[in-house]
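Using the sequences and the hints given, assemble the complete structure.
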Amino acid sequence: MTGTRASGANPLIEFKAVHKSFFVRGQQFDVVRALDLAVAPGEFLCIVGPSGSGKSTLLNMVAGLGPPSTGAVSYGGRPVSEVNTEVAYLTQHDTLLPWRTVADNVGVPLELRGMAAATRRPLVQAAIDAIGLAGFEGHYPRQLSGGMRKRAMLARTLIQDPQAILMDEPFGPLDAQLKLMLQAELMALWARSRKTIMFVTHDIVEAITLADRVVVLSARPARVNLIETIAIPRPRDVHRTRFAPEFETHYERIWAAMELGALAQVPA
Amino acid sequence: MSATGLRSEEALEQGVAMPRPASRGEGRVLLLRTVTLVVALALWQALSGNLVDPFWISSPLAVGAKLWLWISTGVLFRHLLVTIEETAVGFIVGGVCGVVLGGLVAQSRILQRTIDPFVTAVYGIPKVALAPLFIMWFGIGLMPKFVLAGISVFFLVFFNTLAGAREVDSSMVDALRMMGARPAQIHRIVILPASFPFIFLGFKLGLPYGFVGAVAGEMMASNEGIGFLTQNSAGQYDTAGVFAALTALMTVTVLLDAGLARLERWVFRWR
Ligand SMILES: Nc1ncnc2c1ncn2[C@@H]1O[C@H](COP(=O)(O)OP(=O)(O)O)[C@@H](O)[C@H]1O
Ligand SMILES: [Mg+2]
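Keeping their order, the protein sequence lines are chains A and B. Numbering-wise, the first sequence is residues 1 to 268 according to this note's numbering. Numbering-wise, the second sequence is residues 269 to 539 according to this note's numbering.
Since the hints were made in silico from the structure, they are not lab data. Note that beta-carbon positions come from the ideal geometry of N, C-alpha and C, so glycine has one too. A portion of the hints provided could be inaccurate.
As the list claims (entries may be wrong) - What the simulated footprint calls covered on chain B by chain A, stretch by stretch (three residues with Cβ under 8 Å from a Cβ of chain A suffice, anywhere in the stretch; the number is not a length): (1) 442 to 448; (2) 452 to 458.
As the list claims (entries may be wrong) - For each label pair, taking beta carbons as the anchor points, the in silico distance ranges come out as: (3) B:Leu298 with A:Ala126: 46 to 52 Å; (4) B:Ser439 with A:His19: 20 to 26 Å; (5) A:Glu82 with B:Gly407: 53 to 59 Å.
Put into structure tokens, the structure is as follows:
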């Protein structure tokens, strides 16, 4: 087992006794309750859980876009108190700028750093090629399918070359084949750069394929039902992980933890 | 498998990217419009001198003759140019003020709410009612027309800029903030382009108002411009002249509108 353990000295991302409630028409609405979680530097952490359980809410906290109601979220040992520019965030919703072409969207992070257009161009092209959107550089987002827009957002995320990446169901709308291709691409990138990745998915197979550890959340309000350390050795081949001897056990344990979550949903 | 997946995506994208086929009814509509115009003109011509005294309604032929006279002597273009100049200056100055002030006010929710009733009250005044005041202040030259045209454009652009800046998708702003964008960069890259459709709409709606403002100013006190031409013809009981001036006005508005529609399609080709 080679996955980095969060029990190692200094976590990069840490949730301590985190509660989060929203108020909807004066009604308190608990989304996260008493959640503790630590992500080690360089770790690939996947989060699975029923939809509406608070997965996006957790990523938002790390991003500094929605602070916890009580408890603390820290990044690099410091509490996250404002927008966290150390991490790149591939959100669940589309944030491409509709009036910019794919190339101009992907280049935004470099443009913000004041990089000259001529210097940006080859980098943008490489990022677009890497996610298989070559030939669509001049298209506007409206002219792309949902999956293609996701890939453009992925290219824009990776071009930032951040320390940590938050990804919220990034491969959800993709067909199976493309999904495997991008998973392989992401794993290779992670293996090269050892970035810390928090990856939300509803696909258990995907989680086992990619992760060092899989966190299973309960239904809302989110608590950690299970933290499963994936024992499948690396480097992994995304096409073959599901045939690894360890796979079956992981799948069953995670599946069981998910069902527990669904049952816990009953009382209001 | 993957090839199929990609191909279907490409097919989808091509379907979307293809230019919209010219709607089949287009030619027919054009024909019907022409027929409508010809019938209306014929009816007008038939009524004139038979059922109604041409003194009141002139006739298409007389109006045509008058227009031709004005065109051939250069009178029409001289006056038209004056009106267009007034409109253009008012349009640009009023519009730019509208964008700048609208953008500034949008920065502060409190400021916005404070000035809202005042701005709405002033906006509610028919701008033509301000003409006598402006003539008192600025004389009978071009200035009062600039101001009248400008103020009409200003309010529409101001309100639309304000609305546009409010409508910006906050998740796009958040995405940029996470990439380390400074406030000025967020304005340039997200807020301005996102509110641009609104700003454009303000200009588009404002243009005819600016035109009306300029013409109204001319009608009250002036010795040039299309408004003057109309007023002057009426003063001489020259009905054909009044209709000729109105025809010129109509033509300009229609052309302006068509031009703006084309510009709009080009500017918003990403939609
Ligand atoms: N800004 C908000 N105001 C009110 N409720 C919210 C808000 N954001 C999220 N929620 C609620 O919190 C719950 C968890 O949301 P989310 O984190 O998006 O779930 P997930 O990503 O796991 O599907 C949902 O029930 C959602 O309706
Ligand atoms: Mg979500």
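Evaluated hints:
1. For the segment 442 to 448 of chain B, the assignment as covered by chain A holds, since 7 residues bring a beta-carbon within under 8 Å of that chain's beta-carbons and 3 suffice.
2. Residues of the segment 452 to 458 of chain B lying with their CB closer than 8 Å to a CB of chain A number 3, which satisfies the three-residue condition for coverage.
3. At roughly 50 Å, the beta carbons of Leu298 of chain B and Ala126 of chain A sit within the given window of 46 to 52 Å.
4. Judged by the Cβ atoms, the range 20 to 26 Å given for Ser439 of chain B and His19 of chain A holds: they are separated by roughly 24 Å.
5. For the pair Glu82 of chain A and Gly407 of chain B, the supplied restraint of 53 to 59 Å holds, since their beta-carbon distance comes to about 56 Å.
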